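Could you build the full structure based on these sequences and the hints that come with them?
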Amino acid sequence: GEQVEQLPSILRVQEGSSASINCSYEDSASNYFPWYKQEPGENPKLIIDIRSNMERKQIQELIVLLDKKAKRFSLHITDTQPGDSAMYFCAASQGGTGNYKYVFGAGTRLKVIA
Amino acid sequence: NAGVIQTPRHKVTGKGQEATLWCEPISGHSAVFWYRQTIVQGLEFLTYFRNQAPIDDSGMPKERFSAQMPNQSHSTLKIQSTQPQDSAVYLCASSLSSQNTLYFGAGTRLSVL
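Residue numbers (the working numbering), protein chains in the order written: chain C, -4 to 109; chain H, 1182 to 1294.
Worth double-checking, as some hints may not be accurate.
[What the hints assert, rightly or not] Facing chain C, a subset of chain H residues (Cβ under 8 Å, in silico):
hint	residue
1	LEU1224
2	PRO1235
3	ILE1236
4	ASP1238
5	MET1241
6	PHE1246
7	SER1279
8	GLY1286
9	GLY1288
[Said to hold, decoys possible] Computed list of lysine-lysine pairs in BS3-like fashion (alpha-carbon distance at most 30 Å, straight line):
hint	chain 1	residue 1	chain 2	residue 2
10	C	LYS40	H	LYS1259
11	C	LYS40	H	LYS1192
12	C	LYS32	H	LYS1192
What the hints contain is simulated information worked out from the structure, not anything from laboratory work. Since we're looking at a predicted model, the values are computed, not measured. Just so it is clear, CB atoms sit at the ideal spot from N, CA and C, and this is done for glycine as well.
Given below as structure tokens:
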């Protein structure tokens, strides 16, 4: 089955700088890649996603890139703020067989230092 | 819209006891997922229903875990003979249809003593 690797596990950045989280997947049939943010004591919430027909998507300070050939995708947070401090999870999903389960990476704990 | 509702929020069981966790998905959502979250393993897929039918239970430990979705308004995850290693936060999520936003519940924190 699909496996998703996520790095780094811990990321500390200065306020105002950029933060990048990288994920890789194994199954070339995966075609949907969401990113979830989980704040302490809260449930994970979708922040941005990208489908396989795109290479880049941006929502405000969030940019996701997808390299289907390399089977890698990444999240970039520009101009980080203390409120960006949280756990971030990437995920991959494929539906070719009618099975749309999401496989998550292990998570990245982002700490933005003021 | 109350979101995905999970009960109980916390459950403490003794080793060997049974635990039943409940999930009420968002009304109208056709897909329901169960995940287990621990610090070590992260978000671990357990099982997934679509239109109440089980689609994939490849993440379920075979012997003691079972999940049901008897109607579109609730799903249960049952763990028999709980063990300390079952201690985790169990998250239920639902989505409107395939490859749509997953909405997670607040989770049930299971502690097995």
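Closer than 8 Å between Cβ atoms is the bar; does H:ASP1238 clear it against chain C? Give me holds or violated.
violated, 10 Å
Is the hinted pair C:LYS40 and H:LYS1259 satisfied, with a Cα-Cα distance of at most 30 Å?
Distance ~25 Å between C:LYS40 and H:LYS1259 Cα, so the pair holds.
Is the hint on H:ILE1236 kept, meaning its closest Cβ partner in chain C is under 8 Å away?
holds, 6 Å
Given hint H:LYS1192 paired with C:LYS32 - CA-CA distance at most 30 Å:
holds, 25 Å
Tell me if the interface restraint on H:LEU1224 is satisfied: Cβ within less than 8 Å of some Cβ in chain C.
Nearest chain C Cβ about 4 Å off; hint holds.
Tell me if H:SER1279 is really an interface residue toward chain C, meaning its C-beta lies closer than 8 Å to one of theirs.
Check passed: Cβ of H:SER1279 comes within 4 Å of chain C, closer than 8 Å.
Answer holds if the nearest beta-carbon of chain C is closer than 8 Å to that of H:PHE1246; otherwise answer violated.
violated, 16 Å
May I ask you to test the interface hint for H:GLY1286 with respect to chain C, counting a Cβ-Cβ separation under 8 Å as satisfied?
holds, 6 Å
Hint check: C:LYS40 vs H:LYS1192, CA-CA at most 30 Å. Holds or violated?
holds, 24 Å
Under 8 Å is the threshold here; is the Cβ of H:GLY1288 close enough to any Cβ of chain C for the hint to stand?
With Cβ-Cβ at 6 Å, under 8 Å, it holds.
Double-check H:MET1241 for me: the hint is only fine if its C-beta lies closer than 8 Å to a C-beta in chain C.
Violated: closest Cβ of chain C sits about 12 Å from H:MET1241, beyond 8 Å.
Hint validity - H:PRO1235 Cβ closer than 8 Å to any chain C Cβ
violated, 11 Å
Hint compliance for this structure: hints 2, 4, 5, 6 are not met, and every other hint is.
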